[in-house]
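Here the protein sequences come in this chain order: A and B. What the first sequence shows, in full-length UniProt numbering, is residues 1 to 294, in sequence order. What the second sequence shows, in full-length UniProt numbering, is residues 1 to 298, in sequence order.
In case anyone wonders, no lab produced these hints; they're calculated from the structure. Don't be surprised by glycine CBs; every beta carbon is placed ideally from N, CA and C. It is possible that some hints are incorrect.
[What the hints assert, rightly or not] Stretch by stretch, here's where chain B covers chain A in the computed footprint (C-beta under 8 angstroms, at least three residues):
1) 15-25
2) 66-80
3) 89-101
4) 119-131
5) 142-151
6) 272-285
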Amino acid sequence: MHKIMSDRRTIFFLIAPGMLLFAMMIFIPILVSFYYSLTNWDGVGGYEFIGFGNYKEIFSHDSVFGYSLLNSVLLGLGLVLIQHPFSIIIAMLIQYCGRWEKFLQVCIFIPAIISTFVTTKLWSSIFDTQFGLLNQVLDILRLSDWKQDWLGDSTWAIICIIFVCMWQGFGYAFLLYYAGIKGVPKDLYEAAMLDGASPIQLNTRIVLPLLAPVLRVNIVLAVVAAFKQMETVYLLTSGGPANSTQFLSTYLYSKAFRESVYGYGNAISVLLVVICLIVTVILNRSMRREVGEY
Amino acid sequence: MNTKMAVPMIRKESKRENAVPGMKLSGVVRVIFVVFMLLLVAVELFPLVWLFDFSLLKSGDFFGSDILKWPNPAKWDNYSNAFKNAHIPLLFWNSLFVCTISIVLIVIFSVAMGYALTRMQWKLRKPVLALIMAGMIIPIYSTLLPNFIVFNEIGMLNTYLALILPYVAFQIPISMYIVSGFMETIPKALEEAAIMDGMNVPGLIFRIILPILKPAIATIAVLSFLSCWNEFIMAVTYIDKSSLRTLPFAVVYFMGQYSSNYGAQFAVLAMISIPSILIYLLFTDQINRGITAGAVKG
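Based on the provided sequences and hints, a complete structural model is requested.
So, in structure tokens, the structure goes:
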């Protein structure tokens, strides 16, 4: 038994192809990226090594990099402080929907299943100044003064992007908590009901504490997702107007492919990986302590 | 995500589980509750209803004061025009081809690696697992620039492989996670008995593990389908040959050719989203189980 289950050749054949692909597509590219981040290559001609010049430039002169980080933080806050509490509440409420429960769950999840490409094109039409749904609704509500060029205004554009991200990701967030709530043993409910707990007490005193571990994982996922965000931004505003909606991944993309400072783009790319890893470690550490208090 | 995640249990939902005991609302609370839920559904779904509505309108009908317009007459040519002019059949085929190959590879790799990592005993097990799980945190987009250069050097830009390989690599961590979670629930006694009968590891995988693993495989296949089908940035970056483009490109084509034909653009969007919606409705439980497996048992 033991001999067969620890046969080195078998293990090698099972693991090696996958790991090879993994290394080729993920780990080696990051090393390649680091290599080019130390150069001033424009993507076409020759280049020279400039050490950590790109990084120095990013940290000392590049205000757009700062904006991109700030936007990620804003999106992360939006997800953690608005989307997640809201989806927990909905996941609790949907338990009371009886036979409509399944139907509602499907409706809420559908936007999450459609490609980002479609949803962003859809939302950029909704925000359109001429025939957009949003401005029309404002007209109907007699709030014409509130009409905007939503994606053309630097303050509104970032708000719109955060909203679209929350709209699209809501189904995922909801589903995670919904499954967590479904996992709460039913005898706990029954016991609490017998002791005369109201539905509100039931949800805040019993369900919520039991959701804590789920909450921890999902907050990490949400914050990392905010830092990884690319497609929605790229397709809605490409970082504009005037870089006001730039996120790290759209920024590295436009640096490398639009402005042809490939080395610089790679430096941002490396920083993106580093930031994601650091954020994950910090969140995991800090929240493990919090959960321990329960 | 930490690397020491507990193993997810993939529960079969029983009917009993669905009913929360003693939860009935009455009177005003009930009305407020129903209105609130309807409002939520409206916010999530109305943009899509709007999309399908506009996909049936004449371009001139877009401007006006009504939010939803009864398409009169419904302009189904938007769909047939889009179908022809946006090269939908070709793009559809490309998407389908890339997705199918990717899914097959994802399933093979995640079952093989999942088996070695959960059932077999070896020294480097833990570091390898940690490395794969780190793949969940690393942003896909940080590999865009280096991969572009590397693919360019080895002549892999503008090939199906340039999409398939990264799609597979980035889907492996979550798929392997789901598969190995499911494997943990299979009793070891089954394998012990088979080994007594002289079976080797490939035999164990094919004859014992795979048949039991079918639901988990369905789950990772559906999740992989959705992620590959919807992928856009890599498809834009690594492919610029029109004969290899995938489905999301349909709109780009169309926006170029008919910049003001909104009806047709909406028809293209509708056609792209219909397969995803159908797949979701068909495999709701599979998708739910897959998505919640990783995050709930955290």
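Against the structure, the hints come out as follows:
With 8 residues carrying a beta carbon less than 8 angstroms from a beta carbon of chain B, the stretch 15-25 of chain A meets the three-residue requirement, and the given coverage holds. Counting residues of the stretch 66-80 of chain A whose CB falls under 8 angstroms from any CB of chain B gives 0; the rule of at least 3 is not met. A count of 8 residues in the stretch 89-101 of chain A with a Cβ less than 8 angstroms from any Cβ of chain B is obtained; the coverage claim is therefore met, three being the minimum. Check result for the stretch 119-131 of chain A against chain B: holds, 8 residues qualifying (beta carbon to beta carbon below 8 angstroms, three or more required).
Only residues whose beta carbon comes within less than 8 angstroms of a beta carbon in chain B count, and the stretch 142-151 of chain A has 0; fewer than three means the coverage is violated. Counting residues of the stretch 272-285 of chain A whose beta carbon lies closer than 8 angstroms to any beta carbon of chain B gives 6, which reaches the threshold of three, so the coverage claim holds.
The structure fails to meet hints 2, 5 from the earlier list, while all remaining hints are met.
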